[in-house]
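Visitor: Below, each chain spelled out in residue letters.
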Amino acid sequence: MSKNIIICGVGGQGTVLAAKVLSQAAISNGERVLSAETIGMAQRGGSVVSHVRIGEDVYSPLVPQGQADVLIAFEAAEAVRNIAFLKQGGSVIVNKKVVQPVTASLIGKTFDENEMISYLEKVAGKVIAVDTDQACKDLGSSKVVNMVLLGAASKTGLISKDELKAALKLLVKPEFYELNVRAIDY
Amino acid sequence: MAKQMIMGNQAIALGALKAGVNLVAGYPGTPSSEIIEFISKYKSKTGTYVEWSVNEKAAAEVAAGASYAGSRTLITMKQVGLNVASDPVMCLSYVGVKGGMVIVSADDPGPISSQTEQDTRNFAQYSKLPCFDPSTPLEAYEMIQEAFELSEKYNTPVLLRPTTRVDHAYESMEFPELVPCRKPGEFEKDSKRWVIFPRSSYNNHKRIFERNEKVLPAEFSKSKWNYVGGSLPPLLSKDPLKNELRQRVVLGSSTKMRTDELCSSDPFSTTSNIAFAAGGISYCYLMEALSILGIKDIPVLKIGNPYPFPKPLAEEFLKFHEQIVVFEELDPVIEENLIKIAGYARVNCQIRGKLDGTVPEAGELSVEIIKEIIQKEALKHRERLCEAEERQSSGLSLASLRAAEPRRVQDASPAPDLPVRPPVLCAGCPHRGSFYAVKQAMKGKKTVYCGDIGCYTLGNAMPLDMTDTCLCMGADITMAQGFYHNEPDRHCFSFIGDSTFFASGITGVVNAVYNQAKQTICILDNSTTAMTGHQPHPGTGMTMMGEIVEKISIEKILEGIGVSPIIQVNPFDQKAAVEAVQKASEAPGVSAIIFKAPCIAIAQKVGWEKPHALTVNADKCIGCRKCINELGCPALSVSTKTNAKGKQLVEIDKSLCTGCSLCSQVCPVKAIE
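For the protein sequence lines, the chains are A and B, in the order given. Terminal number for the first sequence in numbering that gives the first Met the number 0: 185, no gaps in between. Terminal number for the second sequence in numbering that gives the first Met the number 0: 672, no gaps in between.
The set of hints was computed from the structure by calculation and includes no laboratory data. Just so you know, not all the hints are guaranteed correct.
Lysine-lysine pairs mimicking BS3-like chemistry, simulated, CA-CA at most 25 Å apart [as the list claims (entries may be wrong)]:
(1) A:136 - B:669
(2) B:42 - B:17
(3) B:604 - A:172
(4) A:95 - A:108
(5) B:2 - A:164
(6) B:640 - A:136
(7) A:136 - A:86
(8) A:172 - B:40
(9) A:108 - B:40
(10) A:136 - B:653
(11) B:127 - B:205
(12) B:2 - A:172
(13) A:108 - B:640
(14) B:669 - B:644
(15) B:609 - A:142
(16) A:172 - B:517
(17) A:168 - B:40
(18) B:213 - B:318
(19) B:379 - B:445
(20) B:669 - B:442
(21) A:142 - B:604
(22) A:96 - B:646
(23) B:517 - B:442
(24) B:318 - B:379
(25) B:2 - A:2
(26) A:172 - B:609
(27) A:86 - A:125
(28) B:644 - A:95
(29) B:595 - B:574
(30) A:96 - B:653
(31) B:595 - B:582
(32) B:604 - B:619
(33) B:550 - A:160
(34) A:142 - B:653
(35) A:108 - B:644
(36) A:136 - A:164
(37) B:444 - B:517
(38) A:108 - B:669
(39) B:44 - A:172
(40) A:95 - B:640
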């Protein structure tokens, strides 16, 4: 049985590392993994999506629409944008925060997080909304949004916290390990 | 060794190192840039020489020298870079090489971050160079090693053409044991071989024609990169090559597709004589689509060597089918080759794809697009063949084929409005200050702003709106000359980054001074090649080998060419920057302003101390939004808070703000502190 995960957000939020930790955790379990991510000019401020595919039965690095078991969104509007990837009964882990883009500020428009979350709750089977601002405040760092969200994703049975931590050990500098572990456990 | 996630570009790098590559040169370009970065990472272990050349032409020429001496060389670039390198590459095709030379030219269907959707496979046909087209990172790793072998066997450069979804995909694979690179070769003088002459080119052309039309098509037909998956009637022929091909065709069904059982519910049925062909990432999408649809016995021709085309294999394949649908991105290369072969061999097979509109002619393909096409074809097939029988069929019925999307989440209500997120200049990007200064200084004047390729192309976005033209690398300086000679009263500005200046800007400056143009060249010097991922260049004072070297001064180059005045200014000091622009624009000839401040993403690495993030003083802010409307910094947004007069205030996202102070200089009431 293959597992498909979509990680989406706004360039600069740390989606790439989250995809790497998830992939590494699956490899450590002896799984075959394919993945793809957005890099290049869109890396800052643009919409970004990482695909992680686990299992023998996948061919391309991109998750087809309607096939994602879990959608991990670092930003509420990006969750809505990518909802077509989610399969029926799939789970959404979403950061409540909406990042306001320049195009909106220029016309004086703001996007509302509650509107995004309530839409997600209407269309997706299971939605876990995470207040990462609060989490970052409690943890004392603004750079652990990705691990807080992965920790929340482990609640769907996607992957265990211990597996994530083991993967993290291989991928981050020792001085940041403890902080990231606390974020996974948050 | 344990498995790990390996990026397509890393796999290409590892494959080249595994092949013992001695010298690697290239110019950064998305999606190819990481290849050189990865090779550089392992260079101390392998002893490989690696450099960022000033452009792709220079890279090809550096590599040619080492390849003539018998060393293995790799050149990396993106598809538009191949145009820059085409002069030496076309000649190298005739002269040939001694040590293996592989040219990686990464294509960008979409295009996602490119000026064109040009197809390197066509460049392979045009330049007569053999080409490999990988579908996955693992395949790219193996192909590049074989490409080096092939290059030495036939003394020719060989093209490897990955596309974005292969370059930037990751696959779990074993990290190979790396060994020292091969012993560098020694150059032996042989002017008959190494000096290109009309007579030798005539002879070489004949030799290359024989190789590409006869030898390689047969060799590639037996190669593991070109094969058929699916089932075919096990007929035997008197021709041993054909028997071998047929055997591979049948074997393909179990080894390549893992589909040795026939599926009774296949909508095309076993009597079907439709088949598919694909190459590159499109092959993966096709297999995924077939797997989702539960179709298991449609033969698929996979082409890993689009040039020279594996003709004998393709001809055998064509003979078994009435209709073949081709899935490929960019140009219809496989499709046209199949049509050509069908005509030449007089095989009655209809080839379909981009040319007849079955497959979209532009942009990326996807599992969804291919699935939809297959469903449509299957429906037509079923309706035509067995409408009556269909009603009792237990497997994929007409109805299930028509119901395109079985598992997608149901859209219960209309989705909320979503923000548009085009890429923007980062918060704290010095280019914002440079553009703004020029805009302020030139208010009300008749101007043209010629842009170039780099992060600063984003200066075209609102509210800055400071890029009137953008054509290709280095074209800003020369295009401004065209505007000036056409309308001498227009203030002609060009904007070029430091890396682009070295790549292809300098020639344009010489042309401007020599031909008496009047223009102001704005060098946006952020001390790196920012857009492709911060590669060093001649102005940065370091090489890809990690050596600290003398920085090559842009100012002195301009001075040497005869540009005057040359003013260096910090773009975050708006008063000085605006004055500099006014002064430069009044000069009679070619003037230059060097806007110098580091890219915000590397600023701290080069010793810049980050000032505190700014905040909006709610008591002072009048909600005029001048900061937002004139600068468009992503750290600024409209707040839900209002002031006493009910005007919405502005707020600053502290996690994004770098304290560059541009907004506080723009604020009319000094509310940003």
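Visitor: For each hint, tell me whether it holds in the structure or not.
Guide: Do the hints match the structure? See the list:
1. A:136 - B:669: With Cα atoms ~30 Å apart, residue 136 of chain A and residue 669 of chain B exceed 25 Å; violated.
2. B:42 - B:17: With a Cα-Cα distance of about 12 Å, the restraint between residue 42 of chain B and residue 17 of chain B holds, given a limit of 25 Å.
3. B:604 - A:172: holds, 17 Å
4. A:95 - A:108: Holds, at roughly 18 Å.
5. B:2 - A:164: Measuring from Cα to Cα gives roughly 18 Å; hence the hint holds.
6. B:640 - A:136: holds, 22 Å
7. A:136 - A:86: Violated. Residue 136 of chain A to residue 86 of chain A sits at ~33 Å, over the 25 Å cutoff.
8. A:172 - B:40: holds, 18 Å
9. A:108 - B:40: violated, 45 Å
10. A:136 - B:653: holds, 13 Å
11. B:127 - B:205: holds, 12 Å
12. B:2 - A:172: holds, 20 Å
13. A:108 - B:640: holds, 13 Å
14. B:669 - B:644: holds, 18 Å
15. B:609 - A:142: holds, 17 Å
16. A:172 - B:517: Distance ~53 Å between residue 172 of chain A and residue 517 of chain B Cα, so the pair is violated.
17. A:168 - B:40: holds, 21 Å
18. B:213 - B:318: OK: residue 213 of chain B and residue 318 of chain B at ~20 Å, within 25 Å.
19. B:379 - B:445: Not satisfied, since the Cα-Cα distance of roughly 60 Å exceeds 25 Å.
20. B:669 - B:442: Distance ~23 Å between residue 669 of chain B and residue 442 of chain B Cα, so the pair holds.
21. A:142 - B:604: With a Cα-Cα distance of about 18 Å, the restraint between residue 142 of chain A and residue 604 of chain B holds, given a limit of 25 Å.
22. A:96 - B:646: Roughly 24 Å between the alpha carbons, so the hint for residue 96 of chain A and residue 646 of chain B holds.
23. B:517 - B:442: holds, 19 Å
24. B:318 - B:379: holds, 22 Å
25. B:2 - A:2: holds, 18 Å
26. A:172 - B:609: The given pair, whose Cα atoms are some 22 Å apart, holds under the 25 Å limit.
27. A:86 - A:125: holds, 11 Å
28. B:644 - A:95: Distance ~31 Å between residue 644 of chain B and residue 95 of chain A Cα, so the pair is violated.
29. B:595 - B:574: holds, 15 Å
30. A:96 - B:653: holds, 14 Å
31. B:595 - B:582: holds, 17 Å
32. B:604 - B:619: violated, 35 Å
33. B:550 - A:160: violated, 49 Å
34. A:142 - B:653: Holds, because 13 Å separates the two Cα atoms, which is no more than 25 Å.
35. A:108 - B:644: This hinted pair holds, its Cα atoms lying about 19 Å apart.
36. A:136 - A:164: Judged against 25 Å, a Cα distance of about 21 Å means the pair holds.
37. B:444 - B:517: holds, 15 Å
38. A:108 - B:669: Status holds; Cα separation ~24 Å.
39. B:44 - A:172: holds, 22 Å
40. A:95 - B:640: holds, 20 Å
Hint check: violations occur at hints 1, 7, 9, 16, 19, 28, 32, 33; the rest are consistent with the structure.
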